[in-house]
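Take a look at the letters that make up each chain.
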Amino acid sequence: METFVQLVVNGLGKGAVFALLALGFVIIFKATEVVNFAHGSLVLFGGYLVVTLRDSIGWAGAAIVGVVGAGLLALVVERLLLSRSKLADPFSLALLTIGVDVIVTEEIVRRLGVSLPFIGDAWDAKPIQVGGITLFRTHLVALVVATVLITLFFLAFRYSNWGIAMRAQAENKEAAALVGIRSGRVTATAWLVAGLLAGVAVLFIATQDFSGAGLSRGTHSIALAAFPAAILGGLDSTAGAVAGGITVGLVDALATHYVSFAFAKSAVFLVMLVVLVVRPSGLFGTRETTRV
Amino acid sequence: MKRILALACASALALAACGTKGGGSEETGEGAGGVQAGVGVTDSDITLGVMTDQTGPFKNLSTGITHGNELWVKDVNASGGVCGRDVKLEIVDHGYKADTAKTLYPQIEPKVAGFVQVVGSPIMAALSSDLESDEATVTPASWSSELLGNPYVMVVGTTYDVEMIDGLSYLQEQGKIKDGDTVGHIYIDGEYGANGLRGSRYYAEQHNLNLREVKITSSDTDLTNIVTGFKGAGVKAILLTTTPTQTGSVAAANEALGLNVPILGNNPTFDPLLHDSPAAGALDKLYVVASSVPFSADIPKMKEVAGKYEKAGYSEPPNAGVPYGYAVAEVWGAVLRKACENKDLTRAGIHKALQETTSADTGDLVAKLDFSQPGAPATRQVYVAQPDASVPGGMKYVKPLFESPEAKEYQAPHQGG
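Chain order of the listed sequences is A and G. First residue of the first sequence? That's 1 in the working numbering, and the numbers climb one at a time after it. First residue of the second sequence? That's 1 in the working numbering, and the numbers climb one at a time after it.
Derived from the structure by calculation, the hints contain no laboratory data. Glycine included, every Cβ here is placed at the ideal spot set by N, Cα and C. It is possible that some hints are incorrect.
Said to hold, decoys possible - Once the Cα atoms are required to be at most 30 Å apart in a straight line, the calculated DSS-like pairs of lysine-lysine come out as:
no., chain 1, residue 1, chain 2, residue 2
1, G, K368, A, K126
2, G, K368, G, K352
3, G, K285, G, K236
4, G, K311, G, K88
5, G, K301, G, K311
6, G, K311, G, K285
7, G, K111, G, K285
8, G, K408, G, K368
9, G, K368, G, K308
10, G, K368, G, K285
11, G, K338, G, K285
12, G, K368, A, K265
13, G, K97, A, K126
14, G, K308, A, K265
15, G, K408, G, K396
16, G, K178, G, K301
17, A, K126, G, K111
18, G, K408, G, K111
19, G, K338, G, K176
20, G, K352, G, K102
21, G, K396, G, K178
22, G, K88, G, K303
23, G, K215, A, K126
24, G, K311, G, K236
25, G, K399, G, K301
26, G, K176, A, K265
27, G, K236, G, K111
28, G, K215, A, K265
29, G, K311, A, K126
30, G, K236, A, K265
Said to hold, decoys possible - Pair ranges (Cβ atoms, derived):
no., chain 1, residue 1, chain 2, residue 2, range
31, G, G416, A, F4, 47 to 55 Å
32, G, V92, A, K173, 46 to 54 Å
33, G, I91, A, G61, 33 to 41 Å
34, A, Q129, G, P151, 53 to 61 Å
35, G, T217, A, E106, 15 to 23 Å
36, G, K111, A, V148, 57 to 65 Å
37, G, G281, A, D89, 48 to 56 Å
38, A, E106, G, P400, 40 to 48 Å
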């Protein structure tokens with residue numbers, strides 16, 4: 001029983017970070033119908049800024065610069081590349097993001113050289129014991145930060161002008177434009193927010209507690225591992241991103257112990273496939289209706 | 001949604017690079033000093049190949065080995081080279097990827113007399129038949145006893161299976177495990193992990209241990225959930241045939257979860273950079289077994305190499321790869337000198353010289369080696385070391401070279417073959 005509880009605790013902690021990552025995918029998809037495959041490189045970029053700046057300006061300052069930097073990179077990608085091809089198919093734009101991803105990732109991996117820096121200085125490897133259960137501090141902080149950010153996002157989405165504009169655009173792009181919603185601004189903000197979330201997520205990913213590895217190509221792979229979380233939750237559903245993230249964390253932890261470590265990796269995708277068979281738009285995704 | 005899924009699937013596909021082998025026919029001719037020269041040998045130079053990992057999971061150890069190789073090359077060239085020729089290294093990075101190594105091999109093979117370093121079991125497995133058909137002598141930076149089936153392979157040191165057997169024997173001698181205990185073994189898929197596992201299985205059989213085996217891949221990094229399972233199963237020790245990053249994850253989880261059992265690792269499981277990681281405080285339970293000395297070893301030859309390493313001004317912190325890389329190159333020096341005496345620096349000549357070199361003096365950087373038994377590890381002696389951040393190389397001896405009775409009796413896969 002203790003093992004089961006510990007595994008659930010491990011899974012929930014990781015799930016919170018996967019939810020943050022999945023939310024990044026969802027926000028951009030909702031606003032633009034583009035799947036942003038460059039999300040992993042935004043995560044790496046934020047982490048790289050922290051690594052390069054923390055010795056000169058301290059960890060906290062570097063962490064803030066990292067988060068903002070990742071957001072700005074996302075904004076630049078959107079403004080320079082995607083906004084110039086407004087008429088392009090979302091499918092082609094997704095391919096474009098793969099190009100951005102490869103370039104940014106390879107350059108950062110090259111710059112990192114042989115170092116594998118851990119960047120969760122404030123919370124990493126400082127576990128808290130409660131009864132016989134170990135709570136990893138990184139997971140706890142991630143859970144709190146994810147809850148706060150996701151709640152803020154939900155509120156903004158529901159009540160702010162930007163949220164309403166984004167929902168309108170997601171519903172019907174032409175109609176939204178006709179009523180005067182500035183599509184460019186909505187899209188740019190979505191990219192900025194997704195980038196900020198990537199910058200926050202990396203502070204939890206490149207830690208001993210979460211990934212067991214410092215900032216590296218592996219960090220990028222983990223960011224992309226949140227993709228099934230976004231898909232199984234429903235690519236256009238923010239609630240789905242949270243549910244998907246938690247599901248991925250739990251499935252991974254429980255399958256590792258109760259089946260096998262090797263199976264755990266495919267288990268996440270297996271769950272994704274089962275969900276898609278039953279609900280083709282994901283757990284909370286909008287069903288596409290087509291008139292015939 | 002369908003298109004998105006299709007795109008996701010498409011992005012997961014990667015084109016496999018397919019290497020085709022180069023000519024491989026050896027051009028020979030009589031060169032300077034009446035010595036027959038072969039591939040990679042000119043009147044002025046002998047070029048040796050280094051296929052290393054500068055960007056993958058073993059990049060730190062590999063960089064240490066390469067620096068060890070380079071230090072020896074510098075020394076030997078300063079004293080006039082070998083056979084009147086300077087020794088040169090041709091270095092390529094395969095990033096611990098067999099497909100990359102397979103593509104690089106045909107480019108580097110026609111330039112070198114042999115390979116002083118090929119890092120990684122998966123890479124050796126991919127190149128073994130090429131190396132054999134090209135008659136290229138190779139010292140792999142991989143210590144699997146499965147490699148000993150190839151006559152052109154010279155493993156400097158003992159093998160992973162023997163390391164595990166000796167290490168388990170040490171834990172038992174120290175009273176940390178006893179017959180009938182449950183022990184967990186985390187190992188990387190492929191030859192490295194399989195060979196370590198071969199050793200732990202052998203020892204478990206001898207001592208009725210209940211072995212819980214968990215297979216992982218070299219890119220997995222978070223092993224917390226595995227250690228959580230081990231805790232539930234009541235393991236008394238954790239065995240590792242993994243990368244250093246994975247060692248860090250296990251050590252951190254071992255402490256965080258309050259399991260606190262000894263961890264026994266094969267020689268590539270430790271990297272001094274772990275002392276700078278968040279797992280640093282959890283390394284006191286780690287024991288590493290190897291047959292080449294740690295960088296901080298108190299022997300004259302090691303002190304000499306350490307001095308040279310410092311002088312060379314390398315930016316990377318030193319590790320156990322440095323003395324190993326130096327020792328291997330020194331063995332190569334002995335082989336090349338022998339080939340020179342035989343007036344034959346062709347690959348066949350080098351291989352013949354290797355077989356005639358029954359012991360090479362490495363100044364005790366590596367346990368005494370005996371290559372006279374085909375298929376058997378050249379030594380079964382190991383030392384046990386523990387991490388210590390205060391010494392250069394980050395590791396200190398806790399037990400000097402020894403051979404356990406179980407290791408002595410053990411039959412390696414190609415032994416006597």
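Of all the hints numbered above, which does this structure not satisfy? Sort the numbers upward. Hints 1, 6, 7, 11, 12, 13, 14, 16, 17, 18, 19, 24, 26, 27, 29 contradicted; others consistent.
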